[in-house]
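Engineer: Put chains B, C, D, E and F with the ligands on the given structure of chain A with help from the hints.
If you read the protein sequences in the order shown, they are chains A, B, C, D, E and F.
According to the working numbering, the stretch in the first sequence is residues 1 to 441, in order.
According to the working numbering, the stretch in the second sequence is residues 442 to 882, in order.
According to the working numbering, the stretch in the third sequence is residues 883 to 1323, in order.
According to the working numbering, the stretch in the fourth sequence is residues 1324 to 1407, in order.
According to the working numbering, the stretch in the fifth sequence is residues 1408 to 1491, in order.
According to the working numbering, the stretch in the sixth sequence is residues 1492 to 1575, in order.
By construction, these hints were calculated from the structure, which means they are not laboratory data.
Note that the structure is a prediction, hence the values are computed from the model and not measured.
The beta carbon of each residue, even a glycine, is placed where N, CA and C say it ideally should be.
Check the hints yourself; a few may be wrong.
Computed Cβ-Cβ distance ranges for the label pairs, DEER-style [as the list claims (entries may be wrong)]: (1) A:310 x B:542: 40 to 48 Å; (2) A:441 x B:584: 22 to 30 Å; (3) A:310 x C:1109: 50 to 58 Å; (4) A:88 x C:897: 54 to 62 Å; (5) C:1147 x E:1430: 26 to 34 Å; (6) B:456 x F:1528: 23 to 31 Å; (7) A:347 x F:1514: 53 to 61 Å; (8) C:921 x A:310: 52 to 60 Å.
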Amino acid sequence: MTEKILTLWTGSGLYNLSLGQAVMVLVGLLLLWLAMAKKFEPLLLVPIGFGGILANIPEAGLALSAAEQAAHLARPALLEQMAATLQLGLDPAAGIDAWRHTLTEVLHGDVSPALLRAANDMAMDAGFAHGMLYQFYSVAIASGIAPLVIFMGVGAMTDFGPLLANPRTLFLGAAAQFGIFATLLGAVGMSAMGWMDFSLNQAAAIGIIGGADGPTSIYVSSILAPELLGAIAVASYSYMALVPLIQPPIMKALTSKREREIVMTQLRPVSKLEKIVFPLALLILVVLFLPDAAPLLGMFCFGNLMRECGVVERLSDTAQNALINIVTIFLGLSVGSKLMADRFLAVETLGILALGMVAFAIGTACGILMAKLMNAVSRMPINPLIGSAGVSAVPMAARVSNKVGLESNPHNFLLMHAMGPNVAGVIGSAVAAGVMIKYLG
Amino acid sequence: MTEKILTLWTGSGLYNLSLGQAVMVLVGLLLLWLAMAKKFEPLLLVPIGFGGILANIPEAGLALSAAEQAAHLARPALLEQMAATLQLGLDPAAGIDAWRHTLTEVLHGDVSPALLRAANDMAMDAGFAHGMLYQFYSVAIASGIAPLVIFMGVGAMTDFGPLLANPRTLFLGAAAQFGIFATLLGAVGMSAMGWMDFSLNQAAAIGIIGGADGPTSIYVSSILAPELLGAIAVASYSYMALVPLIQPPIMKALTSKREREIVMTQLRPVSKLEKIVFPLALLILVVLFLPDAAPLLGMFCFGNLMRECGVVERLSDTAQNALINIVTIFLGLSVGSKLMADRFLAVETLGILALGMVAFAIGTACGILMAKLMNAVSRMPINPLIGSAGVSAVPMAARVSNKVGLESNPHNFLLMHAMGPNVAGVIGSAVAAGVMIKYLG
Amino acid sequence: MTEKILTLWTGSGLYNLSLGQAVMVLVGLLLLWLAMAKKFEPLLLVPIGFGGILANIPEAGLALSAAEQAAHLARPALLEQMAATLQLGLDPAAGIDAWRHTLTEVLHGDVSPALLRAANDMAMDAGFAHGMLYQFYSVAIASGIAPLVIFMGVGAMTDFGPLLANPRTLFLGAAAQFGIFATLLGAVGMSAMGWMDFSLNQAAAIGIIGGADGPTSIYVSSILAPELLGAIAVASYSYMALVPLIQPPIMKALTSKREREIVMTQLRPVSKLEKIVFPLALLILVVLFLPDAAPLLGMFCFGNLMRECGVVERLSDTAQNALINIVTIFLGLSVGSKLMADRFLAVETLGILALGMVAFAIGTACGILMAKLMNAVSRMPINPLIGSAGVSAVPMAARVSNKVGLESNPHNFLLMHAMGPNVAGVIGSAVAAGVMIKYLG
Amino acid sequence: MQDTQLLNEGLALMGLGMGFVFVFLTVLVIVTTLMSKAIGRFFPEPVAPEAPARGGARAQASQGDDVMVAISTAVHRYRRRHRR
Amino acid sequence: MQDTQLLNEGLALMGLGMGFVFVFLTVLVIVTTLMSKAIGRFFPEPVAPEAPARGGARAQASQGDDVMVAISTAVHRYRRRHRR
Amino acid sequence: MQDTQLLNEGLALMGLGMGFVFVFLTVLVIVTTLMSKAIGRFFPEPVAPEAPARGGARAQASQGDDVMVAISTAVHRYRRRHRR
Ligand code: NA
Ligand code: NA
Ligand code: NA
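For reference, chain A alone in the conformation it holds in the complex:
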């Protein structure tokens, strides 16, 4: 009996709580606070923050596979069996903790699917089970499905009208993607300097933060660098929420008051047929030129076609509501599962947070500079403030353009004009994602 009470204590969270886990619980609470008090992308950060706390509950192993739990908790005999299955030699001299560590690292690393399945079978046979968050992650993210379904919903919520009325704003969406590639280079540079240790794949996944598109970031990093997914998703959504703080100083620094006062010509009305044909035209271009962007842009176009075609309203409604909400809940919790202390609390995370901020800043700047360039070479006036909306972060960045514009000229409403580059930025980062997946995936 005493022994049992002791088990209760030695199995409790308080007894087992590592410093890292305590810190991560606080990080989770911080994310929740940002989401609730500061309205930082709450739809994602509430589930991510909560999932982060759940993932760091000591001994619960919610974010671990059966095999990982066994590596953490099983008796030596089972550890030896698992090592044999995984074709590992365990040093008999090393202590059992070293064995656990070796197994954990191997399971977390790049083990072949067949061996992984065998190890999981063995662990399940011994009574271990996949953790809840691990299952969510497998189904939602490892399969790549959840970000794609969310992208479909985003497509169903996107109105391409402003873009179609002024297609040249696509150039702004293109220019803002420079943030992605500059960040990639920054990450690579940090590694070359020896400050961090990012591979090219990891650098690319980090760069995509600059795309300011949550689902795109998650999709790319689930393919190129799943081990960084937690930090990347957190950075991505946090900075999207910080757009109203990050962008205005850059926008003001790069534009003169006169430029900020430019009044744009009113957008022409766009016909229903154009809106229907556009997603199909975009799809065909993807088919012809960048098959690797097909999952992302294909689902995006599909969602938009459902929205515009007018004959499947019930599907479009569901894609915009029940379906995207359901997937968002599980996507968020799954991302949270990547906030485990031993993975997240690394110096690389700090690098990612720093680089993500840089990515946003550079993307913003390039969008604005591109707008100024277009103003220089074309007659049709473009207020450079809408260039910053090219980073996407829909619709926040467009609202920021509008707000900064109103500060200079209280009668100049830029919102609809800024929606063009805003959605162009979504397309732009999906294209950039396709290129990266092509070369590195």
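Structural biologist: Coordinates of chains B, C, D, E and F with the ligands only, in the frame set by chain A:
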């Protein structure tokens, strides 16, 4: 660098687009056009058409498993390994393209699940992944789940009142199923003639098109002839949409003006209890006489019971809305995955399209003839025009009956009378499906 | 041809219907009748009852895995192969029916996942497929996901206001859990007496019926005693529906009229912030003291946080509606799959039904006695009638408290006061579940 | 020869299938008719008004006394939606 | 003998479980009380009106000035539903 | 040395990626413009009114003649909800 740009080009869709894929993209666009402009069952044909385009994006492999992608793209060493795993001998003299072809055929054919899993593991180990549409297909259709869930939703949307008020209309629903079996015989005959090469299983799956029920068609062909699923689903939904064109000439040819003017006695009111007991009675008959129809009719009755029992309205609402919409999206995309050029562009597809049309025509005719027969032997008058509704195609065929009836007698509303055979046709084809699965499944 | 018709007959349900299956079909109809006519928790009992009928359709095998179906139907050669795969020796002297029985028992028992997968592969290779309900069960319950998602939805529907206004009511929720442990002891005692043969794990799963929380019961028994899940779930939901019959006599027996007339002080208003912090505080306590309750209480707190935080209303709405409805449908059908005659019609089921009733009665009594104790030691008056609400069965038990209270004093509304112990009971049984899983899971 | 066999099997399946469909639906006609008669006799419920096609609209007519409640509910819901 | 052991284990589990439930909920009572006091002291929010049981009905009361908006919205929504 | 290679690869990927993004979006600009012109010329539809952001609110304005229908619908729905 130049080499990399070259990769971009040699990996582009334009460079790799085969004629077949281009044709299938056009077919996909045609389906979308039919859905959007002609309102051909848009809820299904929009996702199917779009999925068809996605499935034919060159090099993207969205509809392929990891192993199929590896067979298409991997280096020779991996091909040899996979062949060994699959217990195949590759002829060293034959070129690598021959190897790819052999592997693709084997993977697409009837390989054992254990070997298939091993081949997929090997491909994943080498960095390949299941395509998005392949995953949708596995979860939604290969498991059999999506058509069943849709059938549950259809059950929740079906009102058996008119059928209960006049149960004899079930005979019309029975007679119209002759279209199914005549088509089966037609398909078998074509093979006997040497025109096509359909097995008995394939002939049965084709025949079910005559049932004019999308989910039933998809369910049956996913079991009996998954390789034909794309063509069968497309034919099924297209002809359901064409019912207003196909049926009226047949209806007019087989009935005299006097017959078309027959006024039917008004339907008696049906009590709530009858509506509750009916799905249970149907279920019990399935339990007793045709267990093989249990998944289809079971889910159908379950949906209808949820609708009528009055105590689970929130489940019934969800089954009719969010759930059926979600499943429809993925079912449609999954069906689209079966429109890959190399599988779809076969002479068999033309045979299926032709036979499907015949199936509808025969079913329509038999329903009408049965109604005339019942008129001959019974006192209670039946307008033969409602017989054609027995093919199901709910509620289109009933509307057609009503419309043709109004042409002869502008005061004779047949709609509610036609709803009886209409829903009877759903039951009838599910029963026919059960018989076929029993003998061939 | 005659032979084929014969096959139809020998394959029909009527020919194969065992007595047990017929009984279970009647049990399914009884559950449906209770749900529809008596409003016994219809949201669950309609799907469970219907699923129970489906699971007992002879020869359909809807609730069986591919391997189990093969064991039931396959030719001897395949049986021998499967036995070899499962490392079983089949006695050549024993008849084929003995072989089938041996294989079925082994497959149903505690076979290792790797062997099970091999057996299923072999069966699929021979053309067998997983039954529909088996698939639902695997995805919804065996994974543990469905009860957790429902618990999240319950959390999103729960208002902790009354509990926060009077936190001492948590003690009532604690006391009522004595029903759980007393029942556990009862089950163990029955086994010690030799009346039944329950293991400690099974006894614990049975005890949880006393928690009066459907999802908790299902979650715990899916972990500790999946073989009893059907009976436990049926007992759990049936007794929850019977709360208005079970509780009032006990409540009246244990209280004096004077006690029943006690008027409670009005609840103080609770601030929004308190409601937001409470689920987080509860989560932190779970983190610190009972990691094993983390899946259940974590999802519950997550749902409640979504409800209260005010920034993710669309997620909260979905969790309370579309998502919980969808999951309820499949959870119910999955539970129904455990009502197969050969498993359900055992004397243990009767024991479970009897013990479940006892559990409710003891829980009710302890809640009331605890309230009386609190009244004895504290100044703030507590009407003991609200103690019975501590068993949870939200919100039925609280309504019963209110109703019995009104009988004594028509102006004394206890409903809001009873909601406190009512939701406390949910937390209490989840904690009890965590303790049991810790020691036995 | 094999073709003939395929044809024969097709014919057999046609006969069997069509026959079974008719038998099954005939039984269903009989059972349904009996069921309706039994219910009409032993449970002569007040007749249910024709359920409209959409499940959502099944609410029975209600007396107009709470129009104001409805309007204010509509207002609340409208505002809530648009605040989001 | 084995039966006794089973009984003993059952008893142990009962004691342990019941004990833990009480300890846990006692701690929760304490934490909740402290939390409420702290919030009442440091964040004395304007009190939230009692949230009704159904999430759907949380909309705060709104002034009646936009009844017409609500009605026309209702009209639109009604028509849209029925057109489908 | 390896660092230099990593940097080089990063630079190459940047050039390639940025170049491709621009090429692709330029093509998209051209295609979109041509498409719009072609549609404006060959299918000069009556202009679509600006779709509001929320899919739910797309219902076109309807004439006020069925306000009463709407109100009674609202009443029914309200009652149904609250009965649950
Ligand atoms: Na972007
Ligand atoms: Na039919
Ligand atoms: Na409870």
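Engineer: Take the hints in turn and mark each one as holding or not.
Structural biologist: Against the structure, the hints come out as follows:
1. Between residue 310 of chain A and residue 542 of chain B the C-beta distance comes to about 43 Å, which sits within the given range of 40 to 48 Å.
2. Between residue 441 of chain A and residue 584 of chain B the beta carbons are some 28 Å apart, a value that agrees with the proposed interval 22 to 30 Å.
3. Take residue 310 of chain A and residue 1109 of chain C: their Cβ atoms lie about 53 Å apart, and the range 50 to 58 Å holds.
4. The hinted window of 54 to 62 Å between residue 88 of chain A and residue 897 of chain C holds, with their beta carbons roughly 56 Å apart.
5. For the hinted restraint 26 to 34 Å between residue 1147 of chain C and residue 1430 of chain E, the CB-CB distance of approximately 28 Å keeps it satisfied.
6. Checked against the hint of 23 to 31 Å, the pair residue 456 of chain B and residue 1528 of chain F passes, with Cβ atoms roughly 29 Å apart.
7. The hinted window of 53 to 61 Å between residue 347 of chain A and residue 1514 of chain F is violated, with their beta carbons roughly 37 Å apart.
8. Remark: the range hint 52 to 60 Å for residue 921 of chain C to residue 310 of chain A is contradicted by a beta-carbon distance near 42 Å.
Of the numbered hints listed earlier, those contradicted by the structure are 7, 8.
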